[in-house]
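Visitor: As a plain string of letters, each chain reads:
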Amino acid sequence: MNSFTRWWEVTRRECRAGLRQPVFWLVLALLAIIAWTDSGDAVHLYNSEIASTGIWPFNTSVVSQALRQGGILMMIAPWSLAMTLGLVVIRDLELRVVEVFNSTRLTPGEYVWGKFSGVTGFFLLVWGLYLVLAMGFDHIVQGSGGHYLIGPFALRNYLVPTVLVGLPQILFYAGVSLFIGTWTRRPVVVFLFPVVMLLYRFTPWWGLMPQSISETVALLDPIGVFWVDDTYVVGRTTEQVNTAALIPDAVFLLSRLAWAGLGLAGVAGAAVIYARQVQTGVSGRGLRSAGGLIGFLRGPRAAAARIRPQAEPTLADLQMTTRPLGFRGAAGAIARSEIRDLLVRPGMYLCVPLILWIAMARASVIDSLLTSGISASRQYTELGMFLCLLLLFYTVESLHRERGRRMHEIFGSAPVPTGAILFGKALGNSVMAAFILVVVLLASAGVIVHRQIAHGSPVGFELWPFVAVWGGVLLPTFVFWTALITALFALFRNRYVVYGAGMAVFILTLRIPIDERFKSWSTNWMGLDVISWSDMGTFAPHGYPLLLNRLLYLSLVPLLIALSVRWFRRRDLDATGLAGRLSPRPLLRDAARVLPLAVPPIVLASMLVVGGRSGYQGPAAEEWEKDYWIRNVATWEDFRMPSVSHVDLDLDIEPAERSVAVDGAYTFRNHRDYAYDRLPLTAGPWEPIEWTLGGEPYEPENRDGLYVFTPGEPLESGDTITIGFRYRVVVLGGISRTPQPVAKFVLESGVNIDGFEPVFAPVPGYRPAIGSEYHDPPEYRDDFHEGRTEPVTLWAGPGFTARTRITMPEEYTALGVGDLVSEERSGGRRTVVWETGHPVAMFNVVAGRYAVREGEGTAIYYHPGHDYNIEEMALALDAARRYYAEWFHPFPWSVLKLSEYPGYLGGAQGFPTNIVISESEGFLDRSEPGSRGPFAIVAHEAAHNWWGALLTPGEGPGGDALLSEGMANYATMLLFEQVYGDRERMAFSRLRERDHVRFYRPGFSLPPVRTTGGDYHRGPWIMWMLQHEMGRENLLSGLRAFIEEYKAGPDYPVIQDMLAVLRDFAPDTAAFDAFAEQWFFGSVLPEYRFSDVTKVQDEDEWVVRGTLENVGTGRMRVQVGAVAGERWSHEVEDAGRSVVAGGYRDARTEVVLGAGESAGFEIRAAFEPERVVVDPDVMVLQLRRRDAAFEF
Amino acid sequence: MATVQTNAVAEAARAVSRPEESLPPATCVLQIRDLVKVYPGPVAALQGVSLEVPTGMFGLLGPNGAGKTTLMRIVAGLLEPTSGTVHFNGEDIVADPRRIRRQLGYLPQDFGFYPHLTGESMLRFLLVLKGVQAPGGLKHLAAELLDRVNLSHAAKRKVKGYSGGMRQRLGIAQALAGDPGLLIVDEPTAGLDPEERLRFYRLLAELAEDRTVLLSTHIVEDISVLCPRMAIMHAGRFVADTTPSEARGRLAGTIFQGTVNRERLAEIDRNYRVTQAILIEGRNQVRIHLPEGQPPEGFQASEPTLEDAYLLLSQSNGVGTGP
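Sequence lines, in order, name chains E and W. Just so we're aligned, residue 1 is where the first sequence starts under my numbering, counting upward by one. Just so we're aligned, residue 1193 is where the second sequence starts under my numbering, counting upward by one.
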């Protein structure tokens, strides 16, 4: 028998053994489920076009498949291969077959490579089955129904990703697992590998890296999807993603070969280590510690038995008696033993720092102030995931320990209750989990206190958020998980099966949040995504289902313990009695015994399921939305409403019941030149609704939520008609089905509702987004802006006056759009009336238990504990109110209000006179010179009172994108410069530039006139550069004229309309046109590089010469500066304005460079320059600004 | 060795296996009735064995695979039998194995310990689990027990550094601990040197004065030194339930011993019932069982040993297990 034959024999047997490995069957089952669920679910690609249009590429494209296969393998392969290949040598050692192998002609190399090829081969076989299933589900099951996510079938779309993305991963995981297992011979260390891979996968800062770094890191990515994403998704259109061919460049190919090679090197290393171990006779546990090594080198110690006298005392002299331990004593003794065992395990010392690291990183990588609540909630998911993994490993190892050490017979014959054994072990492991929690808690407290002392953070440490989130929500997860693992072990008595089952549950759980169809309170044992912290009302949106959910899983614990005690046999069962035990009567008897314990979880699960089905996310609500869409889309999608001229709302809000009693009316005015015979309104499922038309009771046609009114006489041009309504609505009624964060709510913690969607008030016309997740975006011709353009909001027309009367419990401050005209208190309730004199484009209502900070025509309503940034926010609001009025248009209302709402979902909206900002978006932002988040968000949202509210953009590309979001950030730039000076404006501009270039790809990024969604980053930069081009006062004059011309409609503007107005204010129209052509109608981005830079002293001067090249696109005038010293002092003026440092000097020149052009420059300076920089004042948007500098 | 069963052997076996005629009356505390254990395969490890064990030391002798460990594990409540009953002091162990744990000291044949614990810590942990108490406290008791098994010098060393014999002694210490009503020791002297074996004999003998000690072994010397009563197992059955002296007495005058060369050994084996054939200084010392007739040339009458009786009984079941 030659070497190949022996290797093949090992391979063949190991491959066949795969059939008996439960892990592989679990993997296959998981993959089958994933293939099925994935086939109907879109691949989530981080692409601005896709995100803004809601159009997803085909699941079946080669790019989607690469991303999907990469992600699936990353989740499945590390743990399944660790569990099989990683343990293959350890298992053979435990079975004591290794020494037999060693006595044959089988060489260590043949043995190790045979094991590797056998297991890996079987895994590839399973993966092949997955591909077949995926193709079947995609193209036969879904494709036959013409699913919008399924493209044409191409076998290579499935195979190329497997070869390019999958195979290197598999070889890497397999080789490393085998190496670790052979080297350490410790299962816990082997399992660390998939844990580390999970850490890698869930590291939160991947997406935050600048593009230049992420391109490099993409090559160091074992999964391979970062490169695919960077190369084929970012900056591409959906069409391009669908038709890409996935051709690797040489560097990526080398990277993939390197990962595969690393895996194979791992196998070779394992073979070498194994051969050495065989040679030196080290078997069993390997060389694990210095002590072990010394012991190994010393050899066995001679037994130093002393000679004892013959006359020995008897055992009776010891007067031993026995009193069997009770449950508590035994459990305590076992728990202490478990803790002692944990303390000597190196895994603990690896895992604790790892978990601490990831938890602290998760908490620290934020721009906000690190309050205790934020810290506890941000670390919650990571702590839950990794501690559950750790508990899985340690619980299984702990339950297996006695059998693994061959101590189970001594242990099993001790007079200790079985329940005490299981409880003691669970307790020991729980102490480990608690210890890690305490370590992370102390570290969190340390970080918060350190920030407070060293950096002057206003936030102090509080214990209760940690107790509430970790103690109240996380701890039940650990208790349940430990009980579940114990029950699984008691049932299967095979640690590998339990690892497989545990990991399967774990992986499925992690996938469930991705798939909304399976995410529910009743299955969410880990409490994933259930924490959206707010200091204003902890757990408020989902408090009740969360309580039921935690009680459900706690109530399962007694049942699992009872089953564990029944299944955990200290006596080996007789196999011939199995049939008897499985016969109906004993099974029924067993079931009857545990049935009472199953009642509470069944009741709680039923409450969640039944409550969820009838709640606002339930099937009834979904059905209502679908019916609405199906019945109305064809008839009403293109229907244009008359404008609303007045809104009158009388709201009685009861936060404790989440209810609003609404009595209101909309007055419609036909601003079009044709008559209306029907008027539709969309209302939620709030029946019964009492409607009136023209003041008279009316019964409109109810088209599944679209109420169609037919006036007695058609509504002629210029005519008005009033539609009234009265009903009571419960906002977020019933039990939620999933813990989705909510933005609009009526809760005891606060109220945040508006008229965009039918949350509490009817919406004019038909809403195409209701009942349909995906819809075709409208197509626009190049000249779509010619003639009248509709406003971007469905509340058509030039706005409306509004009167909002709100009654609430007295402790709440309720705010609506407009000005406060009256306030009354009666019977513990307060009634306020808000009215707008000047029309508004939208209305909203916000309420809470607020403190108030009043300014000059402004007011900020905030949670009393959140006063950290109030002064900065007030500064921004006052400045915005004053300067925007000067720059853009007089503020037509009186008071500009800003209110905080609970941060269950981040965000902010600049409603006219009534801005709302989530607590997580400014009130808790960390603010320091160079990064003033609170100022920025207030300045941005306040600007929407002009750009968005006063001037409503037109519908179509380049409308809302630039004229609302882009202009709001341009206004923010101006305000930064006005209030804080250049440094803060430059810092804000750099942030926008960073966020723009991250998604920029030459040749692929759309120009502003074709951009939909928000142009938050490039938009303000273009306006800033235009200001530089045509002069600040010229531009501001132009913008004032632009608003004046378009604010009242009926034509609503897009970019082309703005340019037409601004052109008249440009001192050089040719330059204006050239600028517009490249920045508005084109997509360019300069990128500058220095070469041949020298500096020489010429008498009293220093002369800097060099060449500057624009390696990017676009032609811009840009400054080049020779600089010495740091520009900004650490000191700031009282008003917060930055001060130029004393030692700073610069001298400048200017160059104009087109794409690919270069030019020499010379700068004369009266000081010795230290460096040369392009665009020292941050005036030109560019790519890789950091590289556009030269240090002498 | 050849394994031909003869009528003479069967007769001899019958001669040494008639306890009812010779054993003194004793209080029976452990009753085993019709115990059957079938492992998947199927392998019948116990084929309906019954036994009554009184207070005192009781030896269970048998070759490897006879079913001793299976029987011990069933009595210790660690293995469910296929059928049959086991009662200890009237309590049904098969129905509720928890009953035996309170009164049990158990030394399994194959066992291990937590390797990271010291011998003293390991023993103290087991003392706690067994609920053992002593006037001087558990620390003192653990030290004393380790002293009894001559492990004091290694009390502070981790168990993973123990030799096989030291581990066995630590096992013995834990089995002796407390006041077990029933002590089950399965192959306890394996790995012990002669001195330790002797020490262990003394400890067991002391314990057996007022309780039941079930000693399972395939080493005949253990039985002959310790056990006033014994049973011999073979292939899942009891082939004898007797006392060592009676087993030997029944063979009086039927055992002959001689020294022969290799060629003659084959001839003797063909014509006589050989009970033992051992090499001494390069020559074969052979013992034969010859109830009647003339012994071969050069053979002298010899005192029967327990080993003679054991081997004859083992062979009587039809399966040869020559010495």
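Wrong hints could be hidden among the right ones.
Derived coverage of chain W by chain E (criterion: at least 3 residues anywhere in the stretch with Cβ under 8 Å from a Cβ of chain E; other residues may be distant) [what the hints assert, rightly or not]:
#, stretch
1, 1263-1275
2, 1317-1323
3, 1334-1345
4, 1368-1375
Since the hints were made in silico from the structure, they are not lab data. Backbone N, C-alpha and C define an ideal beta-carbon position, used for all residues, glycine too.
Visitor: Each hint should be assessed against the structure and marked as holding or not.
Guide: For each hint, the structure was consulted:
no.	hint	verdict
1	1263-1275	holds (count 8)
2	1317-1323	holds (count 6)
3	1334-1345	holds (count 6)
4	1368-1375	holds (count 5)
Going down the numbered hints, you'll see the structure goes against none, and every one checks out.
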